[in-house]
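2 protein chains.
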Amino acid sequence: MAPVYEATVSAPVNIAVIKYWGKRDPTLILPTNSSLSVTLSQDHLSTRTTVRASPDFGGDRLWLNGAEEDVGASRRLANAIATARGLRAALEDQAGGGAVPLSQWPVHVCSENNFPTAAGLASSASGYAALVSALAALYELPQSASELSRVARVGSGSACRSMLGGFVAWHAGVAADGSDSLAEQVAARQHWPEMQALVLVVSDQKKAVSSTAGMQTTVETSALFAERVRTVVPARMAAMQRAIAERDFAAFAEITMKDSNQFHAVCLDTYPPISYMNDTSRAIAGLVHAFNAAVGRVAAAYTYDAGPNAVIYALEPDMRALVELLAYCFPRPADTAPEAFYPDPFGLFESPASVGHAVALPAVAALAEATGRFPAGSVRRIIHTTVGDGPRVLSPAQSLLDSAGLPKARRDHHH
Amino acid sequence: MAPVYEATVSAPVNIAVIKYWGKRDPTLILPTNSSLSVTLSQDHLSTRTTVRASPDFGGDRLWLNGAEEDVGASRRLANAIATARGLRAALEDQAGGGAVPLSQWPVHVCSENNFPTAAGLASSASGYAALVSALAALYELPQSASELSRVARVGSGSACRSMLGGFVAWHAGVAADGSDSLAEQVAARQHWPEMQALVLVVSDQKKAVSSTAGMQTTVETSALFAERVRTVVPARMAAMQRAIAERDFAAFAEITMKDSNQFHAVCLDTYPPISYMNDTSRAIAGLVHAFNAAVGRVAAAYTYDAGPNAVIYALEPDMRALVELLAYCFPRPADTAPEAFYPDPFGLFESPASVGHAVALPAVAALAEATGRFPAGSVRRIIHTTVGDGPRVLSPAQSLLDSAGLPKARRDHHH
Numbered sequence: 001m002a003p004v005y006e007a008t009v010s011a012p013v014n015i016a017v018i019k020y021w022g023k024r025d026p027t028l029i030l031p032t033n034s035s036l037s038v039t040l041s042q043d044h045l046s047t048r049t050t051v052r053a054s055p056d057f058g059g060d061r062l063w064l065n066g067a068e069e070d071v072g073a074s075r076r077l078a079n080a081i082a083t084a085r086g087l088r089a090a091l092e093d094q095a096g097g098g099a100v101p102l103s104q105w106p107v108h109v110c111s112e113n114n115f116p117t118a119a120g121l122a123s124s125a126s127g128y129a130a131l132v133s134a135l136a137a138l139y140e141l142p143q144s145a146s147e148l149s150r151v152a153r154v155g156s157g158s159a160c161r162s163m164l165g166g167f168v169a170w171h172a173g174v175a176a177d178g179s180d181s182l183a184e185q186v187a188a189r190q191h192w193p194e195m196q197a198l199v200l201v202v203s204d205q206k207k208a209v210s211s212t213a214g215m216q217t218t219v220e221t222s223a224l225f226a227e228r229v230r231t232v233v234p235a236r237m238a239a240m241q242r243a244i245a246e247r248d249f250a251a252f253a254e255i256t257m258k259d260s261n262q263f264h265a266v267c268l269d270t271y272p273p274i275s276y277m278n279d280t281s282r283a284i285a286g287l288v289h290a291f292n293a294a295v296g297r298v299a300a301a302y303t304y305d306a307g308p309n310a311v312i313y314a315l316e317p318d319m320r321a322l323v324e325l326l327a328y329c330f331p332r333p334a335d336t337a338p339e340a341f342y343p344d345p346f347g348l349f350e351s352p353a354s355v356g357h358a359v360a361l362p363a364v365a366a367l368a369e370a371t372g373r374f375p376a377g378s379v380r381r382i383i384h385t386t387v388g389d390g391p392r393v394l395s396p397a398q399s400l401l402d403s404a405g406l407p408k409a410r411r412d413h414h415h
Numbered sequence: 001m002a003p004v005y006e007a008t009v010s011a012p013v014n015i016a017v018i019k020y021w022g023k024r025d026p027t028l029i030l031p032t033n034s035s036l037s038v039t040l041s042q043d044h045l046s047t048r049t050t051v052r053a054s055p056d057f058g059g060d061r062l063w064l065n066g067a068e069e070d071v072g073a074s075r076r077l078a079n080a081i082a083t084a085r086g087l088r089a090a091l092e093d094q095a096g097g098g099a100v101p102l103s104q105w106p107v108h109v110c111s112e113n114n115f116p117t118a119a120g121l122a123s124s125a126s127g128y129a130a131l132v133s134a135l136a137a138l139y140e141l142p143q144s145a146s147e148l149s150r151v152a153r154v155g156s157g158s159a160c161r162s163m164l165g166g167f168v169a170w171h172a173g174v175a176a177d178g179s180d181s182l183a184e185q186v187a188a189r190q191h192w193p194e195m196q197a198l199v200l201v202v203s204d205q206k207k208a209v210s211s212t213a214g215m216q217t218t219v220e221t222s223a224l225f226a227e228r229v230r231t232v233v234p235a236r237m238a239a240m241q242r243a244i245a246e247r248d249f250a251a252f253a254e255i256t257m258k259d260s261n262q263f264h265a266v267c268l269d270t271y272p273p274i275s276y277m278n279d280t281s282r283a284i285a286g287l288v289h290a291f292n293a294a295v296g297r298v299a300a301a302y303t304y305d306a307g308p309n310a311v312i313y314a315l316e317p318d319m320r321a322l323v324e325l326l327a328y329c330f331p332r333p334a335d336t337a338p339e340a341f342y343p344d345p346f347g348l349f350e351s352p353a354s355v356g357h358a359v360a361l362p363a364v365a366a367l368a369e370a371t372g373r374f375p376a377g378s379v380r381r382i383i384h385t386t387v388g389d390g391p392r393v394l395s396p397a398q399s400l401l402d403s404a405g406l407p408k409a410r411r412d413h414h415h
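Those protein sequences? They're chains A and B, same order as listed. Under our numbering, the first residue of the first sequence carries the number 1, and numbering increases by one thereafter. Under our numbering, the first residue of the second sequence carries the number 1, and numbering increases by one thereafter.
If you are wondering where the hints come from, they were derived from the structure by calculation, not from laboratory data.
Which copy is meant is left open, so a pair is good if it fits within one copy or across any two.
Keeping only pairs whose Cα atoms sit at most 25 angstroms apart, straight-line, the calculated SDA-like set for lysine to any residue is:
id: 1; residue 1: Lys-23; residue 2: Gly-173
id: 2; residue 1: Lys-206; residue 2: Glu-369
id: 3; residue 1: Lys-207; residue 2: Leu-64
id: 4; residue 1: Lys-207; residue 2: Thr-371
id: 5; residue 1: Lys-23; residue 2: Ala-208
id: 6; residue 1: Lys-206; residue 2: Pro-375
id: 7; residue 1: Lys-207; residue 2: Glu-369
id: 8; residue 1: Lys-206; residue 2: Val-295
id: 9; residue 1: Lys-206; residue 2: Gly-286
id: 10; residue 1: Lys-206; residue 2: Pro-333
id: 11; residue 1: Lys-207; residue 2: Pro-375
id: 12; residue 1: Lys-207; residue 2: Val-364
id: 13; residue 1: Lys-23; residue 2: Arg-75
id: 14; residue 1: Lys-206; residue 2: Gly-307
id: 15; residue 1: Lys-206; residue 2: Ala-365
Only chain A is shown next, with the shape it has when bound in the complex (with noise of 0.2 angstroms):
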């Protein structure tokens, strides 16, 4: 029988502290400005990907999430997929005849997110990430995380983020043909372990602008986008590495709310306007506020991507009372259960169910009391997760993939 050649990982989402919102080059996805995120946990929300060579496929196929896309109709997809070739086809001209021509053979690719897509979140950053990093491990290209997040910015800016743990830059970089627009790690997770976040998953009727087509838009006509990305962006960054450096959860708290607001600020100067956040975003980033006038320092940081999902970052001793504040003035939707709206993955709580219904410190218990309750269901769920690490290689027990390459009937790993 003949050997299968095939690799499955998993990589992580990434949220960013400092936003990346504007292209200075569509094609290469070269951005505007430098940007810096938090790898979260993929305990918690991740994409495994299972890629597999074979001379006998008719072709490239791709399955995501259990349904097969036209591997032909994304461009961007195509240019990763052809990218990381490049490097293999490279790779096998130094062995001479020596390597597998792994480069000339079509791949089956079968991916799967472990949260549902309803949450609403972006898997195109974990999707990618895990797509080329699966393909570097079946592959077996020699270059670095760094390196390869080249490959997978082409397939999607924010991806290129997820290709390491802990905090992330993505350095804009000048050149031309993005050979300086990679992603380096600024810390690796165990430099902070009480870095905590919670994704709120919050409801919401319309249909938001494509962030592909939005920052686009707001290149083009936002008056201050030019004073973002010359003045503001550059300090921002080097604050931020500096209070990631130093661990000032109040300085990197301040600059990463600071910059959520002026990246949704001028997607308000676009023309036509561009919002992502909705009157349920915008009372939870007011409740932030006034939970860190509560217990009188910065202790929780808010950040909104391009939908009205709010993400906030705690260090692991306040999470508590956090959690107690938001699940009361948020009460979880009548059609959840319990620990489908806050699994607890820290043991937190005695249980699921007491959620919600009391909040212990005095201050926080005052606020809450005061705010009232918004309705249930105004945010569908709570994830609670850590900083995380890099793409992992998963072992070949763990592919998605059956004997004949096929997806394998899917054993739900939704939390």
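Based on the hints, put chain B in the right spot on chain A.
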């Protein structure tokens, strides 16, 4: 019987199309940038004020909408009255003993808006314009409305623009004493008679940040605000005056929408962020862009001040289709009579009850269908008005004070 020294005036509301936000001198109320507004008709939105001076009064007293206010409590009010008195005192000096010493007598001030405070419309502009105009009439001051706008300005910045009708520019000025920070008419209302406005009163829960506090926080914390002041507003002031001179509605509308969006963008870029628009406000803005797309030209423009209410400018021929669309998508609240929700002052509809039931223009009807209906009462009322004139001196018969100089029993003249 001794002669009565009294004057009664009415003054208009104005809605900025280039926004005033930020003071360079909070005491004299000198702005960081020039602004430009449209004065709205006093038939629908105005403040009426009667001022009487008498040596028999024990001291200055003020009644606002029937309730007495503490004159000493407001420095701005004291400043405005003192400044007007100073101008009168100068006159009396010139006249030697020949003038009645009104500047030395206490005044009673009675002021009423013809629109419910519940409408959430800022009444400080029309209020201070009415107060200063009434004092100017009582004191027989020779200064022009533009010169008197400096006096209104020390009461409330935007009040200086309500001292003139039509299209009004408030020049920021550069002098430290504020002598060159005053309002001037850019064009009379007769210059562009087709221009009309809709005020959509939007329901809102949360208490907004006061504009006085909010604008200074923006000046101090927004990283983008200085760019708006330095480069954006000066260019827009020139372009807006050109658009008005040429009656170029498309240009007028685009600048109006962009400047409203940028004002709210710098509010969001403030730390902590300030947001005045809510989901209903944003839905209205989106609907205006969709309306323009449906009719194939820029036929309507929204603008928002420091609250969720929308003001929409459009030319008379487009108003019916616009009201049909808005009243369809934002149905009348159950507890409001049709004529209170949309009084239809220009007789666009067969009957008040027919408003919101049909959209005639096919492209707009398709848009209404596609948009669907928001919860009834999201918009509480629609005020339809035109461009208006400046403060009017009214007859003694319209005095708000009785023979004793106290407020008459109020006959409600709200619409």
